[in-house]
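For reference, the chains in residue letters:
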Amino acid sequence: MNPPYTPPPAGPAWFLQRKNWLLFMIRELTSAVIALYLVFFLVFLARFGGGAWVFEEFLALLTHPLSMAGHALAFAAAVWHSVSWFNTSAQVMPIRIGTWRMPGVATIIITGYAPWLIISALVFWAALP
Amino acid sequence: MAGEKRITLEIFRYNPEDGGEPFFQSYEVEYLNHWVVLDAINWIKDEIDGTIAHRWTCRMGVCGSCGMMVNGEPKLSCHSLLRDYAPGPVRVEPLQHFPVEKDLMIDKSGFMERLAEVKPYIIRDDVNDTGNGEYLQTPAQIAAYHEHSMCINCMLCYAGCPVMSLEPAFLGPAALALGQRYNLDSRDKGQAERVDAMSGDEGLWGCTFVGECSVVCPKHVDPAGAIQKGKIAAAKQWYANFIKPKGAKK
Amino acid sequence: MSRSNEAFWWSLFAAGGVLGALFIPVLVLLTGFWLPTADPVEAAEHYTHLVELLGRWPVKILLIAVIGLSCFMCAHRIRHTLMDLGLRGHARAISLACYGAAILGALASVLLVARI
Amino acid sequence: MAETFEHDVVVVGGGGAGLRAAIAVAERNPELSVALLSKVYPMRSHTVTAEGGAAGVIKSNDDLETHCYDTVSGADWLADQDAVEILVNDAPRQLIQLEHWGCPWSRERDGSVAVRSFGGMKNQRTWYAADKSGFHMLHTLFQTTLKYPTITRYDEHYAAKLLIEDGRCGGVAALDLRTGSMRAITANSVILATGGAGYVFAFTTNGAIKTGDGMALAYRAGVPLKDMEFVQYHPTGLPGTGILITEAARGEGGIMLNRHGRRYLQDYDLGQPLEVTDPRHPQNRMMELGPRDRLSQAFHYEREKGNTFKMEEFEDVDAVHLDIRHLGEKRIDERLPFVRELCRDYQGIDPVHEPIPVRPVVHYTMGGIDTDIDGRTALPGLYAAGECACVSVNGANRLGSNSLVEILVFGERAANTATEEAGELKRPNPDALRTQAKDEAKRIQQTLLNGANANGGVRPAHVRNKLRKVMEAGCGIFRDAGTIQTACDALAELSEQAARMTLDDHGGAYNTQLINALEITGMLEVASAMAHSAHARTESRGSHQRTDYPERDDAQFLKHTLAYRQEAAAPRIDWKDVTITRWPPGERTYGR
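Protein chains in written order, with this note's numbering: chain A, 1 to 129; chain B, 1 to 250; chain C, 1 to 116; chain D, 1 to 592.
Check each hint, because a few of them may be wrong.
Residues of chain B clear of chain A, computed beta-carbon distances all greater than 10 Å [to be verified]:
#1 Thr-8
#2 Glu-17
#3 Gln-25
#4 Glu-28
#5 Tyr-85
#6 Asp-107
#7 Glu-117
#8 Asn-132
#9 Glu-193
#10 Phe-209
#11 Glu-212
#12 Val-215
#13 Lys-229
Listing some non-contacts, in silico: residues in chain C with all C-beta distances to chain A over 10 Å [what the hints assert, rightly or not]:
#14 Leu-35
#15 Trp-57
#16 Gly-89
#17 Leu-96
Across the chosen pairs, the derived CB separations fall in these ranges [claimed, not checked]:
#18 A:Ile-118 <-> C:Glu-42: 49 to 55 Å
#19 C:Arg-92 <-> A:Tyr-113: 36 to 42 Å
#20 A:Pro-65 <-> C:Glu-52: 27 to 33 Å
Keep in mind that the hints were calculated from the coordinates and are not lab data. Quick caveat: nothing in here was measured; it's all calculated off a predicted structure. Don't be surprised by glycine CBs; every beta carbon is placed ideally from N, CA and C.
Work out the full structure, taking the sequences as your base and the hints as a guide.
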């Protein structure tokens, strides 16, 4: 008798097999874009610490379309990360009062989207002169 | 049986005794409106080809035997109406990520071992002392673990989880959710005993939170949620052990 | 394998994930679009304001936490993704590289923010 | 051929009774090795589908005496009252034990166990885990077995034959489904816990595995089957599939309505209905909370009066309505979520908004392997518990929620006896046992596998389907000498056909068609015992209603039937006295 049949291994492109696996892989890959942005941000901090002149020169560079495109990509990745992160909050930290469990959508808004909006607004407000 | 409509089933065939490779065999079925995929397979087995091997028992979505890939999706075949797949064909395969013993029969032994590994039972000293009545447990305390106790061991989550093919030693969604079900049970005192089995690299930390297990679960067990809760608990435990190493029990 | 240090790295990942989700999109907007496109006359004003803002210790700590922990979030995910893409054989090297880079990034954020 | 595995106790069947038994042996004597053998993985066992709950006196407004009386009167006085007292007295402890093992029983606000009403019970005493009580009990028991290193599981092993040597049972010959090889699993004690035989009927709540295997094993070994004519029709099954809608739906206040919207049960001596808004509704032992036999019989009369409606999509079967809409969505989701799920998935209706169409459906076999109150059978070394056994606590009609405690109480009890006696009895010669297993393998090879029947041309499934229809037609809710005789004749004819069964599959690995064929030969034996027992009992009692003998006849028939198998002949029917202790036979009244 032959041994049980084992289907061939999926290979590195396994995530193309199912839609949700692909979405997962995109979510994970956002971290690579965010990592690049973090490197940029460290440079940004270094320039900022270098004084007003250095910083203004640096800002001028950032008006280049390539920079804009890079930041647009970074923004998309960051938002994807935020959305995919917050959307799991009802699963990871469900809110319960007695036997009542807060509906998933409400949990996600209260623990995710609402703080996100408030913090974003606060950061803008603080950064504005 | 006189049916109303026709549909073709393409069934995965593998026989370990004939030395051949797996292949798909097509059967045409006349079906009634309320037939599920399992009804069609049973009809084929009864009337056309008795060599097909598949598992089923309850036909009401609670015994967990009849999980299969139906058109590429992990499904309970007793729970998948044929008419939803019209006009067909319907491709029926054994659950993904398991060795195939024969046709639609997968090898479940690895899964059974995994279940045992997480110590899925109440651990405390007085468990056999029934003299003082029941342990009290409020409805709110039940709610903390109840969804994770609804697992029928159908293993659809294993077919949905890509880690199962990337890391074959992974304990997997159902087993980890089961361990977590007991960890979250207010009657249990066995968390510390379970943590070793559950929090290894093949345990909780093997999970990358794809989340598909909870999507394909027919009983809303939410293994993905259970595992993330388990990770939080295991991380807390790690810091506790770091601060108060060895022998210190909380 | 029992009680691996994964718990530690994962906790940094989780913390970085939360902070990153809350802060990074708005930081990208600020650094990528809002500051570069501001009126040059206002730019000097911005700079003094930001210097003043970043001179406060609570703000410094928050910024270090956001950047430093986000580094660990990225490192953790990149590490797992590389392994999932078929590099399980190099698990050790990948871990060293990813978390090493994250530690460097976190240290850099401390130094750079502190000197403002 | 025929590998041998030696154990001290072998448990055949991995459902509630089998698992409880295995745990009991492991706890009582950790020195003994236990084999737990099942033709499916244990959590697939039919216990998993039980919904409503398990009866055990726990609340201060209830008492053991009443539970006993309810059970005895529910059984139409055919239950052995010493066994009933054991069941009732031990039930609370068993249910608490299960609670301690992790069963998530539904609770009161203060954390104590909650109980609900059930049919034929005077007080609320049914412990429940929403409406998945059997599911939670089975998984709790299965998971608890994982604690004990002395329990060795043989999953997906089909017990083909009892191994008997020197007049005692010393194990089973079991087919390993994976390879098709025959194994001799030997032990000093064998406990049968294989469940009932509802699948010998066409329309049943029972899963495909409930083919009465254990009954057939014992019957062939000369052990009599007791009270086999008593087959319970549950009044509320979904019309197309036979899926059970739990009695708890009525326990929570659901009502039965005929085609005209009338609560027809009031016309069948089950009391007068209260408005559903009345806080006293539902009343115990009245109307919808009458016993199952009476409710199923009422359906039959309603159909004769033309008060049922036809369901076109299911070949025009008749049905009535079970209405739970007035309970409201919140209560339905809390207490009966599975009912809602099943109605949606398999009937395409939402019981929150629509009444549920239902009809009576074969649910439980009260009869089974004759055992004493300690689980012993007539064959030394062989014990039985659960639905495959007849202790008997269910008599002519089982009360809902008694079976889930029966499997615990008598599962443990049989195991205790088996554990004690495993040490006392001399182990049969293992070589002789292995030879028997080898012979059984050879028999199967020669009759079914090697194509000797190639010209028989009888598909196993056809025998099975015909058998199930024959039983439905001849031994249904109402029978008479004529219908039963027709069934007996048809069964004899089917047995001949079964001898000519031809398989498509001649392989070893997962030859599920072979297993089906073996099951079918057992089903024929069990069905024959049912039909001939029904023929012999010329009275009406509980679930056994003879239109030609409509009255209960205590003078002649306050007795158990015992069906003994005879080679190539109808079974011999014998009689055995019912044990009466404290509750002399009386009038069986409900609604008064």
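Cross-check of the supplied hints:
1. Thr-8: holds, 23 Å
2. Glu-17: Per Cβ check, Glu-17 of chain B is inside 10 Å of chain A; nearest 5 Å; violated.
3. Gln-25: holds, 15 Å
4. Glu-28: holds, 26 Å
5. Tyr-85: Check passes; 18 Å lies beyond 10 Å.
6. Asp-107: violated, 5 Å
7. Glu-117: Given that every Cβ of chain A is farther than 10 Å from that of Glu-117 of chain B, nearest at about 21 Å, it holds.
8. Asn-132: holds, 25 Å
9. Glu-193: holds, 24 Å
10. Phe-209: Violated, because the least Cβ-Cβ distance between Phe-209 of chain B and chain A comes to about 7 Å, which does not exceed 10 Å.
11. Glu-212: violated, 5 Å
12. Val-215: violated, 6 Å
13. Lys-229: violated, 7 Å
14. Leu-35: Contrary to the label, Leu-35 of chain C does not stay out of reach of chain A, its closest Cβ about 6 Å off (not over 10 Å).
15. Trp-57: It holds; Trp-57 of chain C is separated from chain A by about 14 Å at its closest Cβ, greater than 10 Å.
16. Gly-89: For Gly-89 of chain C, whose nearest Cβ neighbour in chain A is about 13 Å away, the distance exceeds 10 Å, so it holds.
17. Leu-96: holds, 16 Å
18. A:Ile-118 <-> C:Glu-42: 49 to 55 Å: violated, 25 Å
19. C:Arg-92 <-> A:Tyr-113: 36 to 42 Å: With a Cβ separation near 39 Å, Arg-92 of chain C and Tyr-113 of chain A satisfy 36 to 42 Å, so the hint holds.
20. A:Pro-65 <-> C:Glu-52: 27 to 33 Å: holds, 32 Å
Hint violations for this structure: numbers 2, 6, 10, 11, 12, 13, 14 and 18, all remaining hints satisfied.
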